[in-house]
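Starting from the known structure of chain A, arrange chain B with the ligand on it as the hints suggest.
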Amino acid sequence: MTAKTLYDKLWESHVVHQEADGTALIWIDRHLVHEVTSPQAFEGLKLAGRKPWRVQSILAVPDHNVPTTDRSHGIADPVSRLQVETLDQNCADFGVTEFKMNDTRQGIVHVIGPEQGATLPGMTVVCGDSHTSTHGAFGALAHGIGTSEVEHVLATQCLVAKKSKAMLVRVEGQLQKGVTAKDIALAVIGKIGTAGGTGYAIEFAGSAIRALSMEGRMTLCNMAIEAGARAGMVAVDETTIDYVKGRPFSPTADQWNAAVAYWRTLHSDEGASFDAVIELKAEEIQPQVTWGTSPEMVVGVDGRVPDLSQAKDDVQRGDWERAYAYMGIEANMPISDIRVDKVFIGSCTNSRIEDLRAAAVVARGKKVAANVKLAMVVPGSGLVKAQAEAEGLDKVFKDAGFEWREPGCSMCLAMNADRLEPGERCASTSNRNFEGRQGQGGRTHLVSPEMAAAAAIAGHFVDVRQIV
Amino acid sequence: MQAFTTLNGLVAPLDRANVDTDAIIPKQFLKSIKRSGFGPNAFDEWRYLDHGEPGMDNSVRPLNPDFVLNQPRFQGASVLLTRENFGCGSSREHAPWALLDYGFRAIIAPSFADIFFNNCFKNGILPIRMDAAIVDELFREVAANEGYRLTIDLEKQTVTTPSGRSIAFDVDAHRKYCLLNGFDDIGLTLRHVDEIRAFEAKYRIEQPWLFNQ
Ligand code: SF4
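Here the protein sequences come in this chain order: A and B. Here our numbering is used: the first residue of the first sequence is 1, the next is one more, and so on. Here our numbering is used: the first residue of the second sequence is 1, the next is one more, and so on.
Looking at chain A on its own, in the form it has when it is part of the complex:
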């Protein structure tokens, strides 16, 4: 039998039908839904007189529009409120399980799925959100879909898809202290570019990946989409199985044993071949800081903003020039000279308990620098928030001068009230530094939670390896 990749196994086990040109219908096990990309899909379903094929496969949560401050009076912005109410109504109409805004289980869709055990190894997971790649950390095939596809999955439990090529990103060795999964993700994107993974499903492997916690693996797979890959994944091992065990939606008793036996087969076989292989040495990865308006515009913290002579062609030179101007920085500027106005610790990339613990280690007993106008911590879910509070992390942050907020997407994309003002510069643990992403004219530098906390304390970027 030929050796198979993890991706081959996940794909083949879900093919319902295949056309001659390779277009297939693949079965979807889990459909996560949020308020922004679902209203038009539910409307389409209703107009056609259809019902969800398997309503139990759906889990819904409002996350993008919810306020991160006191919610007891609802959402002030009427447009945001209508979108969340529309989700509530659609879920009620079709009998979809929803964690509403004031449910403690509410949070960012990519945080709550795994937290609830609603994401399991071997599943196909979709959501109308590009960062659905996050769930691949569990040895699942997970990708973001558009709204028409949300409606399609609702109506048919299948997705029309074509198999991607397979890329292996192998990271061997041991990360330095203070270097995280976020830095691996940014280093990979720096190496292959934001289109480097286009057309591929990426499997992350190697000893440095095996050593990551599930939180770290989720951070890494989360950013596969920033490398252009629709799906990222990591093979199942003991870390995966330990994490899944005992969660509300996880199997129990005999079914648990049968499931685990199957899950243990979810890895690439020895000798499986990939269409592309990228290798990194863990020891060489530094804490990363993006300097521009694309995640591929990234350097190590002790580096400098590159100058135009380093650009690969005219198109990139043009991009860099626009990025310097938008970001208000200059070529050759040391990264450590970049001062920040705001700090955001949160998003589906870095808002899990481990992220908050790591940031708290840096913030403990320190004070946010005077030039930092706002430093905020937004837990990924109500349960993460409760856990952090049980560990006293909220107090560490508040004592240091950070704001401690309610869970949601928040300033990752600034659809709610949390945003940057024009020209403001932010150290952010989110995943996109596009123009205007965190507010029109806002300037985003992507970093790990440790690096964000360190920047809040110092008022500019510093090498967190010298602190932890």
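Derived DSS-like pairs (lysine-lysine); straight-line CA-CA distance at most 25 Å:
| no. | chain 1 | residue 1 | chain 2 | residue 2 |
| --- | --- | --- | --- | --- |
| 1 | A | K367 | A | K395 |
| 2 | A | K163 | B | K202 |
| 3 | A | K9 | B | K202 |
| 4 | A | K162 | B | K202 |
| 5 | A | K100 | B | K34 |
| 6 | A | K163 | B | K176 |
| 7 | B | K202 | A | K51 |
| 8 | A | K281 | A | K312 |
| 9 | A | K398 | A | K367 |
| 10 | B | K202 | A | K4 |
| 11 | A | K177 | A | K367 |
| 12 | A | K281 | A | K177 |
| 13 | A | K165 | A | K281 |
| 14 | A | K191 | A | K312 |
| 15 | B | K156 | A | K162 |
| 16 | B | K176 | A | K165 |
| 17 | A | K162 | B | K176 |
| 18 | A | K191 | A | K281 |
A few chain A residues that face chain B, going by a derived Cβ cut-off under 7 Å, partial list only:
| no. | residue |
| --- | --- |
| 19 | H17 |
| 20 | E19 |
| 21 | G144 |
| 22 | T147 |
| 23 | S148 |
| 24 | R230 |
| 25 | S294 |
| 26 | Q440 |
No lab work stands behind these hints, which were simulated from the structure alone. Backbone N, C-alpha and C fix where the C-beta goes; we use that ideal spot for every residue, glycine too.
Only chain B with the ligand this time, still in chain A's reference frame:
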């Protein structure tokens, strides 16, 4: 979905790589629960000098004269010519909705982001991948010739320039079929309803733990 067969359209050049979906339609407009009406806010932050919010009267907002789509010669364009990795970023289908509502029916670029590419086909927009060198030539021709139009024939899979040069392009058979006929995927998929049911029945036995919740 609106079918796409042939198009003879004015070409607008957007000379940037990595144009992301946040640029195509900024997040504040994603709060709409409708599929239509996004056109006036396509490229909002580049197109207008003020900050746009839902509900504004876009016809009275100050236009950015430096933004290429605002130039008089590109008014009425239905073909967008752009650079690599167009549509990267989020999965928001609001991006193709905005481009379609603006009037674009075809987009030519060296490469596209996967989800965006896919979303275009679901909305009657034809995204065409073309060699970077050819895209470069097209940019030069558009710059040199006011009123530059391309003729796109999906059936024949060709793009024809005003000088009569015909350039072939690739498109998946399934996508082409749907686009030519204006078919939506759900109707097509439901033709396989028996296969889906059979798969589900078998799968329930193999992985019963997936059917508990
Ligand atoms: S946290 Fe940011 S990236 Fe993640 S789902 Fe929310 S908006 Fe999208």
